[in-house]
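Chain residues, written in single-letter form:
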Amino acid sequence: MPTLIKLADGRYGAAEDVFTTVADEDAIPEGPVILSLTRFQAEGDALLSAGRPVGVRILPDEAIEDLAYDLPRLAVVALAFPKYADGRAYSSAALLRQRLGYAGEVRAVGDVLREQASNMVRCGFDAFVPADGATADDWAAAAGRYRHVYQRAVDARAPVFEERS
Amino acid sequence: MYRYDAIDKEFLADRAAEFRGQVARRLSGEITEDQFKPLRLMNGLYLQLHAYMLRIAIPYGSLDSRQMRRMAHIARVYDKGYGHFTTRQNLQLHWIKLGQVPDILDLLAEVDLHAIQTSGNCIRNVTADPYAGATAEEIDDPRVWSEVIRQWSTVHPEFSYLPRKFKFAVTAAAKDRTAARVHDIGLVLRRARDGSLGFEVIVGGGQGRTPYVGPTIREHLPVDSLLSYLQAILRVYNRHGRRDNKYKARIKILVASLGAAEFARQVEEEWGRIDSPQADLPDTELARIRGAFTPLAFEALPARSDAFESAKAASPSLARFARNNVKPHKKSGYGIVEISLKAHGATPGDASADQMDLVADLAERYSLDDIRVTHEQNLVLPHVKLDDLPAVHAALAEAGLATPNIGLISDIIACPGLDYCALANARAIPIAQAIAQRFEDADRAELIGELKIKISGCINACGHHHVGNIGILGVDKKGEEFYQLSLGGSGQEDASLAQILGPGMSAERVPDAIETLVDTYLSVRQGEERFLDTVRRVGMAPFKEAVYADAH
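Chains as they are written, first to last, in my numbering: chain A, 623 to 787; chain V, -6 to 545.
Chain A extracted, bound-state conformation:
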């Protein structure tokens, strides 16, 4: 079972993953689920009406704006990294937080390595499923590697120009 690490109140901790990620060809099980965008668009309404916690998995080539109207009802937006080097999900996360005002969980899934921790946190991710066996402590260490940051981002860290003034 892969580890789920959550960031809450500035602390990283291992968390139980109550969501089942459902492949498009599989039947939808009981309990909270994370669906693909197409599956969510077809079946999401029914599940949400039944009071189910639902999350959506967004691939890098899917426009995060397509979720705009559903966001208030979503428990999780899982942004997929098919390869660690595919950086589109960073923009999707920043847009979710800054433009679409999403306050729920933004989860990094796929080829997720500790080297990306700081960038992910700064773009608004608050849940991580590492593919490199990183523990919550590893993740916290990687995310806090740099004492300073040079630019404003989604997180609350003060950039160097605020530290200086």
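Read the hints as simulated data drawn from the structure, not as lab findings.
Just so we're clear, the structure is a prediction, and the values are computed from it rather than from any experiment.
Any given hint could be a false lead.
[As the list claims (entries may be wrong)] Pairs of lysine-lysine residues, derived as DSS-like cross-links and limited to a Cα-Cα distance of at most 25 Å, are as follows:
{"id": "1", "chain 1": "V", "residue 1": "Lys239", "chain 2": "V", "residue 2": "Lys158"}
{"id": "2", "chain 1": "V", "residue 1": "Lys30", "chain 2": "V", "residue 2": "Lys239"}
{"id": "3", "chain 1": "A", "residue 1": "Lys705", "chain 2": "V", "residue 2": "Lys323"}
{"id": "4", "chain 1": "V", "residue 1": "Lys158", "chain 2": "V", "residue 2": "Lys241"}
{"id": "5", "chain 1": "V", "residue 1": "Lys158", "chain 2": "A", "residue 2": "Lys705"}
{"id": "6", "chain 1": "V", "residue 1": "Lys168", "chain 2": "V", "residue 2": "Lys30"}
{"id": "7", "chain 1": "V", "residue 1": "Lys30", "chain 2": "V", "residue 2": "Lys90"}
{"id": "8", "chain 1": "V", "residue 1": "Lys320", "chain 2": "V", "residue 2": "Lys168"}
{"id": "9", "chain 1": "V", "residue 1": "Lys90", "chain 2": "V", "residue 2": "Lys320"}
{"id": "10", "chain 1": "V", "residue 1": "Lys160", "chain 2": "V", "residue 2": "Lys239"}
{"id": "11", "chain 1": "A", "residue 1": "Lys705", "chain 2": "V", "residue 2": "Lys241"}
{"id": "12", "chain 1": "A", "residue 1": "Lys705", "chain 2": "V", "residue 2": "Lys239"}
{"id": "13", "chain 1": "A", "residue 1": "Lys705", "chain 2": "A", "residue 2": "Lys628"}
{"id": "14", "chain 1": "V", "residue 1": "Lys73", "chain 2": "V", "residue 2": "Lys160"}
{"id": "15", "chain 1": "A", "residue 1": "Lys705", "chain 2": "V", "residue 2": "Lys30"}
Fit chain V to the supplied structure of chain A, relying on the hints for placement.
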């Protein structure tokens, strides 16, 4: 120049410590080369044909004597006693041992140098006018804006995994010494009619397999909106640039496929939605950065130096050096001195550790402790008193650094080629050496005048052959090296792409072909025409006929 404060220094220390840990994990076998590769590439460390190559960033090509001496020390102790200045104003060391890289990064960090973002699909070192702060042509100091971009782009959380590498050029002079129109983004500072300062924003130029002269997507971007606008461009590119094929992943392909107008529309739309006060740099920080580049303590000197004039009259070699390597300075009594790293028969861009030390000494003593690297792989002492030129010239000459060929036929850009690079199809350096030796006669070189030859050892075009007045591309044809000549390119303000002359030829034939091209030019040129002007006026035909006459 900009001095790192405690915050900048702590950032570099954190980065060096992180990489030390990553190298330790690699050396102990905890991670494989495949897993290590993306990590080392974030720190400018490449695995080349024979050894590791470390690319050290020289932010906007500007450094002081302390930094130059430290690079000399590293070249001497950890490499083979020399380094290679690149077309991106960086320094490469080609014979590095992996286990020593953490120590090298610590040594660099002590003098505010690093290798951050000198490789990988991220925002790379900014190219800036090497005459910044010294030329009377500029309307603002491009180093201010280059430093703003350096800070903003350093470990940018959203733009560290772009589809492909991303390069900026910034200039504020009419004469473009940065190749702004063949960068991913070229920023040219201009004043509007109302006097306000803005950037002409050029996006999607580039070389490589598919060269483009970049289109202008905005004529006048107010300077205080720079970072929000860059965020908009980078976001459009990060989201929509191709990632399925690395050869089609640069922003130039996105701009070309959408069309410049549609690309500009998408950028403007995104820009309109960005919270600008949040994204743009506060005026206070801009003022702080600008303060680091306040004009230096120049002396009030007469425009004419008697000492210099009489020394020139007595020394033809000094006179020649002054004609070709000394450029006008904004302050009377000063000159901008270019140091050619293109001695005939040498490797373009190479400098020995001793030469680097000498340049550092000269900078400290004669150039207000300021040194620049040009994208044409030469060095610059930007602020030398004319009175001091004889002494500077004599010291350079003694170290083999006084080759009087700036902008002339032997001032050749060449990539490392097959001698070093795993990607190359053909050698580039020996071709440059053979051409330089053929045109060793300095009188003849001056008679020929400005002629930029650029040589790449493969279609990735690191030697900028697309924008050479004469471009030379090495190709592999059934295991043999062949060279394809092209004419009429320029990377300057009048940017254009060179056109292929005809079939490729063997390495031995290249110097003869160049000779024929030059003879043809000299026979048809009018007045003060440069080689490039003549090619543009008469076209390819006379050159083609002359070079391939023997083949018929």
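Here's how the hints hold up against the structure:
| no. | hint | result |
| --- | --- | --- |
| 1 | Lys239(V) with Lys158(V) | holds, 10 Å |
| 2 | Lys30(V) with Lys239(V) | holds, 17 Å |
| 3 | Lys705(A) with Lys323(V) | violated, 51 Å |
| 4 | Lys158(V) with Lys241(V) | holds, 12 Å |
| 5 | Lys158(V) with Lys705(A) | holds, 17 Å |
| 6 | Lys168(V) with Lys30(V) | violated, 39 Å |
| 7 | Lys30(V) with Lys90(V) | holds, 15 Å |
| 8 | Lys320(V) with Lys168(V) | holds, 13 Å |
| 9 | Lys90(V) with Lys320(V) | violated, 40 Å |
| 10 | Lys160(V) with Lys239(V) | holds, 16 Å |
| 11 | Lys705(A) with Lys241(V) | holds, 18 Å |
| 12 | Lys705(A) with Lys239(V) | holds, 14 Å |
| 13 | Lys705(A) with Lys628(A) | holds, 21 Å |
| 14 | Lys73(V) with Lys160(V) | violated, 29 Å |
| 15 | Lys705(A) with Lys30(V) | holds, 14 Å |
This entry does not satisfy hints 3, 6, 9, 14, going by the numbered hints stated previously.
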